[in-house]
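Colleague: Which chain is which? The protein sequence lines are A and B, in order. In terms of the numbering used here, the first sequence is residues 1 to 315. In terms of the numbering used here, the second sequence is residues 316 to 677.
One or more of the hints may lead you astray.
Below are the DSS-like pairs computed for lysine-lysine, each with C-alpha atoms no more than 30 Å apart in a straight line [to be verified]:
1. Lys529/B - Lys427/B
2. Lys311/A - Lys82/A
3. Lys410/B - Lys274/A
4. Lys531/B - Lys274/A
5. Lys427/B - Lys274/A
6. Lys585/B - Lys427/B
7. Lys529/B - Lys274/A
8. Lys410/B - Lys427/B
9. Lys427/B - Lys82/A
10. Lys411/B - Lys427/B
By construction, these hints were calculated from the structure, which means they are not laboratory data.
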Amino acid sequence: MTALSPDRPGKTRLPLTLESLKRQRSKDGFGQVFQGLLLFSVAIAFAMVATVLITVLIDSSEVLRGQFWDFLTNKSSSDPAKAGVAQGIRGSLIIAGIVTLVAFPVGIGAAIYLEEYAADTPLTRLIEVTVRNLAGVPSIVYGLLGLAVFVQGLGGITGGSSVISAGLTLAILVLPIIIITASESIRAIPSSLREGAYGLGATQWEVIRTQVLPAAMPGILTGAVLSIARALGEAAPLLVIGAAAFYSTGFQGQLDQMQGAFTALPMNVATFAKLPADVWAGHAAAASVVVLVLVFSINLVAIIARARLTKKLGR
Amino acid sequence: MNPTTLTQTQSQSISAGRLLACLLALALVISACGSGVGDTTTDAAALNSSGEGAFLISGSSTVFPIVQLQAERYENIAPGVAIAVEGPGSGDGAKKFCAGDVPIANASRQFKDEEVEICEANGITFVELNRGIDGISVVTSANNDAIECVSFNDLYALLSDESIGFTNWADANSLTDTWGGQEFPDASLDIFGPGEESGTFDSFNEIVIESVAKGKTGLDVDSRDFAEIIRPDYTSSPDDNVIIEGIASSQFSLGWVGFAFAQEAAEAGKAKMLQVAEQDGGDCVSPTAETIASAEFPIARFLYTYVNIDAAANTPGVADFVDYMLSPEGLSAVSEAGYVALPEVDSAAVLEAWANRLPGRN
């Protein structure tokens, strides 16, 4: 606050006290209107989120209280009393696993290359811009890509409309997000850190491994984990890839099951929502609650991971 | 580089890696638990395990509930067979079926000529199985007491391509007046129904609009041209819930959905099923399971399942599952899903067609 006075030399001003500042602010009518508008925006955003949460919780209360455990452990059924989301939970978790296995290494690797190795050429810049644009491509388009490449093209390996195809498609969907957040985190590392390490004789690989990556890790991890949450919530690509509305697994082995029919939590929500609303309304809401809890816990992991890593780095 | 700093930073990067590994392990462990849980319902009563197999059934969303119920119960009889059922629509199912992607496809109408041609071009021969009967209910909101009964001609006047732009029931009087039909009240007309991708759209169009346009309901079709298609300007949705919500939202709404869905909506007080008369001045009939089965209620259609003959012979489990669907226990799913079972004579004919693998449409 004291920095204000030297900004305007030559003017004699009252000593800056809290009171004088407040008085100044009260004269600023436009600022107040603007502040009011901003507050209004916050209120609307909050009201929307609150409405969604409250409606979903109210709608789901009957199902979640009456058959909580059955709902989590049963598979889909035509009987509202027996229907559950176990298959959806399984599908969503496998998808999260595949996204972690595929998109994390590839995305973080690409970001390191772009930030640390790639020369600043027009080609590099073109790639960076393309990656940024890809992050804005609608998810249904990735669904079509997945249908063409993983379901039809690589059907022999993925088994066609399978959880593998879904996982790979969603991995590609979140790849640009991971690359962008990881790049930002790496770019935010002060170059003095690198220069210091180079000065001590470290090779480029040593600098990246021992200095850049550890310092950038909180940001990279946050972005990556949040991208899993994004992948878990997507329904549109799964519709195109062909998640099944109902399936049984038979005596199939784990690999056959991976290559066979699948579903995921957002698909459960969509399927339940299409059934006659009077008997089934609570199920779609209850499945939504399960998705929300899953996504919130993943976000929580991201926050804790970030806090722990940041604390260790002493920043 | 100072050795102590090096170890410190190393430990940081290791712990980050460890965290990542933990996350991954957690995801895999939980997913494995999930799969175990999903299997528990299969061990109920292994009556006679018919071996193993895995296949997908696609097609009509109308027939989906029947087949889902059958596939669910079939697990108790043949727990080794993995069956997936989806219901994207009759047309989508036919496309997959004729491309050889699925061994069984359901349809809420017969396969069209062009679909049969694609099947033939791809060398796919099939058996057509009649599964049951579904009535199409004409619905309005539960608070609409101005309308009780509509004839096919009335529906034509309200819903055909000639009625484009009619936003008031009374607008349709300009058409009904030409043949001396029902006089509609002055009330805003809000229309909700399934879209063109739906078999329910096709069936309604064929049974009501086309038969009026072809003169089957006594109109003088030689004197002028009649439209053979439903008007495009209405609120369409593939989701029956959306249609019912629309119907309930406006007092003088009009729409059409499958009988099973309309009945649930009527019981919930969201919609009223109108009586329908095939001819002007004919008997007004309410849709019920009985009137649909006896064909008294005029807007009814057969539901179909198509089975790929080669796939039935070569894909393990397919033929056995079809046998089950046509067994007495399997057939009970038809009425439980809200549809009307075939009369016994017809059921016997279907069994015979299946047993002889009678190719082609009937």
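Colleague: Does each hint fit the structure? Answer for all of them.
Modeller: Status of each hint after checking the structure:
no.	hint	verdict
1	Lys529/B - Lys427/B	holds (19 Å)
2	Lys311/A - Lys82/A	violated (47 Å)
3	Lys410/B - Lys274/A	holds (23 Å)
4	Lys531/B - Lys274/A	violated (36 Å)
5	Lys427/B - Lys274/A	holds (26 Å)
6	Lys585/B - Lys427/B	violated (34 Å)
7	Lys529/B - Lys274/A	violated (35 Å)
8	Lys410/B - Lys427/B	holds (11 Å)
9	Lys427/B - Lys82/A	violated (37 Å)
10	Lys411/B - Lys427/B	holds (14 Å)
Violated hints, listed in ascending order, are 2, 4, 6, 7 and 9; each of the other numbered hints is respected by the structure.
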